[in-house]
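*Asks:* Residue strings, one per chain:
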Amino acid sequence: MSIQLLIWNYFKAKKLNTGLNILLLSLGIAMITLLILFNNQLEEKMTNNSKGIDLVVGAKGSPLQLILCAVFHVDFPTGNIKLREADRLAKHRLVKYAIPLALGDSYQGFRVVGTNRAYSSLYQADLASGDWWEKDLEVTLGSSVAQLTKLKVGDHFESAHGLTKDGHAHDENKYVVKGILKQSGTVVDNLILTTISSVWKEHAESSSDSTMQQLPTSPSLLVSSVEASDSIREITSLLIKYKNPIAAIQLPRFINTQTSMQAASPAFEMARLFTLLGVGADALMGFAYVLIFISGLSIFIALYSSLKERRYDMAIMRSMGASRSLLFKTIILEGSILTFVGASLGLAFGHLVLGVFVHLMEEGQKAGLTAGVFYAEEAVILVGSVVLGVFCSLLPAIQAYRVDIHKVLASN
Amino acid sequence: MIATQGLTHRYHSKKGVLSHEIVFPDLAVERGESFLLLGNSGSGKTTLLHLLGGLLRPLTGKIEIEKIDIASLSETELDRMRGRQIGFVFQRNHLISALTVKNNLLMAPFLAGEKQHEERVDLVLDELGLREKKNAMIFELSQGQAQRVAIARAIINKPSLILADEPTSALDDKNCDQVIELLNKVAMENNAALIVATHDHRLKSRLKNQIIL
Chain A
0 MSIQLLIWNY FKAKKLNTGL NILLLSLGIA MITLLILFNN QLEEKMTNNS KGIDLVVGAK
60 GSPLQLILCA VFHVDFPTGN IKLREADRLA KHRLVKYAIP LALGDSYQGF RVVGTNRAYS
120 SLYQADLASG DWWEKDLEVT LGSSVAQLTK LKVGDHFESA HGLTKDGHAH DENKYVVKGI
180 LKQSGTVVDN LILTTISSVW KEHAESSSDS TMQQLPTSPS LLVSSVEASD SIREITSLLI
240 KYKNPIAAIQ LPRFINTQTS MQAASPAFEM ARLFTLLGVG ADALMGFAYV LIFISGLSIF
300 IALYSSLKER RYDMAIMRSM GASRSLLFKT IILEGSILTF VGASLGLAFG HLVLGVFVHL
360 MEEGQKAGLT AGVFYAEEAV ILVGSVVLGV FCSLLPAIQA YRVDIHKVLA SN
Chain B
0 MIATQGLTHR YHSKKGVLSH EIVFPDLAVE RGESFLLLGN SGSGKTTLLH LLGGLLRPLT
60 GKIEIEKIDI ASLSETELDR MRGRQIGFVF QRNHLISALT VKNNLLMAPF LAGEKQHEER
120 VDLVLDELGL REKKNAMIFE LSQGQAQRVA IARAIINKPS LILADEPTSA LDDKNCDQVI
180 ELLNKVAMEN NAALIVATHD HRLKSRLKNQ IIL
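Residue numbers (numbering that gives the first Met the number 0), protein chains in the order written: chain A, 0 to 411; chain B, 0 to 212.
So here's chain A without its partners, still in its complex pose:
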């Protein structure tokens, strides 16, 4: 016989009640775990993806849309900007570097991004096989793209207009896969990288392109295959890194007031987005806490009412030599074991749900979510649950401590 065995037998004697209490608590904990996993991973991805980008410049429109489109590649472009204007901005004295992006096409939902090698080095992307894109219509695939589309080095494919799988197909020019990147855990995993002029080629009227064949005499800073004085070419956006902190004050104002373009800061727009999403997350979190509170209450009631039935048991145990503190300890242990088991199950359940979600939904995989990581908050949850268990069993335990053996035994 031992305390653990005694508690186990008391649990067994009330299977349904015990099961319900554990279920209630684990549901609440699972919900919180899921929110923590989601929030943390999303935030990590976002900071990773916007690392090295201080400012995004694009056509006027919604700044949030511009960020979602140019940094996270989940929204449509606000429009185009003139290459000449972008070039001028790239030469600005407050700009450390500027990376051009030309968007518009996708393949099976994965975006084709026309850019230069500065973009891949921004995310420290490495080749897994093949080579970097060099000439027009050559592409290098992100690791998730290669995995999900089953494209290999040397394969040809046609891109489609827009971001959906069934957009208008550009079947005049086929892309060829030059290389595949290693997994980087950033947005690059979901992109198809190519030159800017490839994107132009896909969208240009097929005949008017012959003039572009000879090399330019004074090439543009951003796209070297084009004359700096070109007044027709457009790109979608420009990713900018500041040269010094003063730029953070001067550059956005300069762009927004002096040019026809707009500038948006990823950090600021993300903070804004999170306050918007935060309301929903807070509501869910609140609901989870209500569940946990109810389960705490339920555990308290279960212990308190079973105490009434067990008063005689306790008096008998005292008559057999049990000390007051042993009874106290038994009740406290009972409560905390219950919450510990509930919380552990809840944590496991939270991870399981995310794992199933990631496994079944392409979106989960694309977002780079994983069920295999643990955060410090989860340890806090576990400790917190045990504290909750102790708290809920405190009053019943004090009552057990105070049981008057003589009165209980004599009243029978």
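Hint data in this document are derived by calculation from the structure and do not stem from the laboratory. Note that the Cβ used here is the ideal one computed from N, Cα and C, for glycine as well. Check before you lean on any hint, since a few could be wrong.
Derived contacts from chain A toward chain B, CB cut-off under 10 Å, selection only [as the list claims (entries may be wrong)]: (1) Met0; (2) Asn8; (3) Phe10; (4) Ala314; (5) Ser318; (6) Gly320; (7) Ile397; (8) Arg401; (9) Asp403; (10) Leu408.
Keeping only pairs whose Cα atoms sit at most 27 Å apart, straight-line, the calculated DSS-like set for lysine-lysine is [what the hints assert, rightly or not]: (11) Lys184(B) - Lys13(A); (12) Lys365(A) - Lys44(A); (13) Lys307(A) - Lys114(B); (14) Lys13(A) - Lys66(B); (15) Lys328(A) - Lys114(B); (16) Lys66(B) - Lys11(A).
Fit chain B to the given chain A structure using the hints.
*Replies:* Positioned in the frame of chain A, the structure of chain B alone reads:
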């Protein structure tokens, strides 16, 4: 083994206005002796038994168990002494229903802080004819069987004093005979003092030493 001197106890009525004192006769019981404590309901039999077992502290007077004044013991020491020296048998509801017969018996050495020997459980159950009930749940037992399990639990730690409170009043004649005989037998075998408090007249002829309250 156990001796009392000038024990009194004060009963409080609900509002605390009416209270009355009860004076108990002095007792001296040696190992191997058995006593019957007779009296009507409300005469203080249970109270005296609880005083003797250290479940209740007396208003005045002295109780010595193995020459130790139990008033001098701390609460924890008293719990310890009770677990090792005294075996209780109550009228009913005396077993922990969430546990099997075996675990009910093992509770006694566990709570008294002594080693738990399963052979001892087997031996005691054998002696009381309960061998096949070892792994039974409490609700599967008849009242007579339950009372025998309670006796088994009372003697498993080889106590020097067995206190039984109305052990037979819920039983029929046949079980009553069996239980009092067993109590007597195990007390003799363990060389323990036995005190049985009862208003059950069937027992009068069974124990010679009688105290009437």
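*Asks:* Is the interface hint for Gly320(A) satisfied, with its Cβ closer than 10 Å to some Cβ of chain B?
*Replies:* holds (2 Å)
*Asks:* Has the given pair, Lys328(A) with Lys114(B), been kept, meaning a C-alpha gap of at most 27 Å?
*Replies:* holds (21 Å)
*Asks:* Can we keep the Ser318(A) interface hint, with Cβ of chain B closer than 10 Å?
*Replies:* holds (5 Å)
*Asks:* Holds or violated: are the alpha carbons of Lys365(A) and Lys44(A) at most 27 Å from each other?
*Replies:* Given pair Lys365(A), Lys44(A) holds - Cα atoms ~11 Å apart, limit 27 Å.
*Asks:* Mind checking the alpha carbons of Lys66(B) and Lys11(A) for me, to see if they're no more than 27 Å apart?
*Replies:* Cα-Cα ~44 Å, so violated.
*Asks:* Given the hinted pair Lys184(B) and Lys13(A), is their Cα-Cα distance within 27 Å?
*Replies:* violated (38 Å)
*Asks:* Hint validation: Asn8(A) versus chain B, beta carbon distance must be below 10 Å. Holds or violated?
*Replies:* holds (5 Å)
*Asks:* Close enough to count: is the Cβ of Phe10(A) nearer than 10 Å to one in chain B?
*Replies:* holds (9 Å)
*Asks:* Does the interface hint hold: is Leu408(A) within less than 10 Å of chain B, judged Cβ to Cβ?
*Replies:* holds (7 Å)
*Asks:* Holds or violated: are the alpha carbons of Lys307(A) and Lys114(B) at most 27 Å from each other?
*Replies:* Violated, at about 31 Å.
*Asks:* For the hint on Asp403(A), just tell me whether its beta-carbon gets within less than 10 Å of chain B.
*Replies:* holds (9 Å)
*Asks:* Quick check on Met0(A) please, does its C-beta sit within 10 Å of some C-beta on chain B?
*Replies:* holds (4 Å)
Of the numbered hints given earlier, the model fails hints 7, 8, 11, 13, 14, 16; all others are met.
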